[in-house]
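In the order they appear, the protein sequences are chains X and S.
The opening position of the first sequence corresponds to residue 1 in the working numbering, with each subsequent residue numbered one higher.
The opening position of the second sequence corresponds to residue 235 in the working numbering, with each subsequent residue numbered one higher.
It is possible that part of the hints are untrue.
Unchecked claim - Just some of the chain X residues that point at chain S, by a computed CB distance under 7 angstroms:
id, residue
1, 11
2, 33
3, 83
4, 126
5, 127
It is worth saying that the hints were derived from the structure and are not from the lab.
Even for Gly, the Cβ is constructed at its ideal location relative to N, Cα and C.
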Amino acid sequence: MNEYPRMKPGSQPEFLSPGYKSTIVRAPLRPLIALPHTLSELTGPVYGHNPIGPTDNDLTLHFAEPPQGERIIVAGRILDEDGKGVPNAMVELWQANAAGRYQHKRDNHPAPLDPNFLGAGRMITDQDGNYRFVTIKPGAYPWRNHHNAWRPAHIHFSLFGTAFVSRLVTQMYFPNDPLLQLDPVLHSVRDKDAQERLVSQFDLSMTEPEWALGYRFDIVLRGRKATPFEEHGK
Amino acid sequence: MNLTPSASQTVGPFFHYALTTNAALGILAGEGAQGERLRLVFRVVDGEGAPTPADSMIELWQADAHGRYGHALDSQSCNADPNFCGFGRLETDSNGTCIFETVKPGSCGGLQAPHINVAVFARGLLKQLHTRVYFDGEALNANDPVLALVPEDRRTTLMAKPTPGQANTWSIEIRLQGEAETVFFDL
Chain X
1 MNEYPRMKPG
11 SQPEFLSPGY
21 KSTIVRAPLR
31 PLIALPHTLS
41 ELTGPVYGHN
51 PIGPTDNDLT
61 LHFAEPPQGE
71 RIIVAGRILD
81 EDGKGVPNAM
91 VELWQANAAG
101 RYQHKRDNHP
111 APLDPNFLGA
121 GRMITDQDGN
131 YRFVTIKPGA
141 YPWRNHHNAW
151 RPAHIHFSLF
161 GTAFVSRLVT
171 QMYFPNDPLL
181 QLDPVLHSVR
191 DKDAQERLVS
201 QFDLSMTEPE
211 WALGYRFDIV
221 LRGRKATPFE
231 EHGK
Chain S
235 MNLTPSASQT
245 VGPFFHYALT
255 TNAALGILAG
265 EGAQGERLRL
275 VFRVVDGEGA
285 PTPADSMIEL
295 WQADAHGRYG
305 HALDSQSCNA
315 DPNFCGFGRL
325 ETDSNGTCIF
335 ETVKPGSCGG
345 LQAPHINVAV
355 FARGLLKQLH
365 TRVYFDGEAL
375 NANDPVLALV
385 PEDRRTTLMA
395 KPTPGQANTW
405 SIEIRLQGEA
415 ETVFFDL
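Please model the entire structure based on the sequences and the hints provided.
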């Protein structure tokens with residue numbers, strides 16, 4: 001059984017990143033123990049238990065009226081470390097509304113809720129690893145991490161690849177956002193290239209005339225030389 | 235091509251309405267699942283000993299009662315228990331607690347003691363923490379190759395223990411930091 005390559009130093013955030021205050025009492029302080037990859041790590045859920053609805057990848061269609069805000073298309077490919085598309089990968093996302101407020105009972109930012117926007121979507125990648133969502137551009141919001149702290153606009157992504165090792169939760173940012181330079185969450189990743197890969201690209205070819213701007217966001221999951229995927233019909 | 239995996243970012247405090255709306259993901263052992271059924275109680279505690287107040291999430295990945303993973307890489311996957319789902323996911327409540335209904339996994343690969351693979355996500359965790367749950371008192375623990383990598387005095391942090399007074403219930407604390415910090419693995 002082939003082990004997956006180990007993570008490149010600096011390409012992932014450190015657990016303890018004091019600029020992001022909540023890490024101070026939550027980051028483990030003892031060294032992690034390196035675990036050889038066994039069947040337990042190299043297998044993972046074949047995600048089928050949450051049925052996907054036909055509009056789950058269009059967050060603007062979940063209510064009778066369209067949500068407030070700037071309609072956008074967010075699409076890209078889920079790739080492995082060989083650059084091969086990951087088919088049948090579960091992509092889940094969630095975000096704040098156009099005013100920077102989450103539809104969540106503990107978000108008390110005094111910005112308006114939008115009765116026509118929940119802000120959660122999901123889909124499965126196609127055979128080439130492609131995904132595509134329609135949503136609205138989320139707003140920036142204050143988060144009390146430090147004085148005058150604002151999160152840049154972002155969309156949360158959750159992904160399942162071929163193995164439990166390739167599980168990833170990350171955030172997608174938008175290009176040319178002045179808040180990116182100030183964000184301790186993004187800057188918990190030390191490698192500048194790795195930071196930049198979390199920023200989506202405006203893409204005119206994905207943009208639909210008279211309808212919505214397109215942003216491309218590719219995500220690389222751990223894993224190489226994927227084993228052939230076999231269907232075991234249930 | 236040689237691409238670098240994308241960087242992880244925290245799940246943040248507001249993931250619930252996207253990730254944990256399906257409470258059925260707390261039930262791995264469906265009706266008719268083979269093996270010893272059990273309730274597995276997690277409690278997540280931060281470095282100050284305070285429970286993570288409803289902003290952490292636990293994911294499980296485990297083999298069935300015969301040690302088989304429902305995944306193509308496991309040569310036994312065709313025979314995996316159809317009434318058992320190896321994946322579980324729950325948010326913690328205001329006490330930092332969540333409870334899964336599952337079965338005790340079998341030994342997989344012949345060598346490893348029964349164990350459940352765990353990923354912990356939370357506000358304040360920039361990437362998930364990986365750990366394992368073993369079963370206190372299990373004879374196979376003595377020869378488990380992963381436990382052998384863990385200093386003896388820390389192995390107890392990986393051991394679920396029977397909950398006194400509650401039949402078929404096992405409990406484990408995930409201590410993110412500090413005294414008796416849980417052993418976390420670098421995958």
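Hints, verified against the model:
no. : hint : verdict
1   : 11   : holds, 5 angstroms
2   : 33   : holds, 5 angstroms
3   : 83   : holds, 3 angstroms
4   : 126  : violated, 19 angstroms
5   : 127  : violated, 16 angstroms
Checked against the numbered hints listed earlier, the structure breaks hints 4, 5; every other hint is satisfied.
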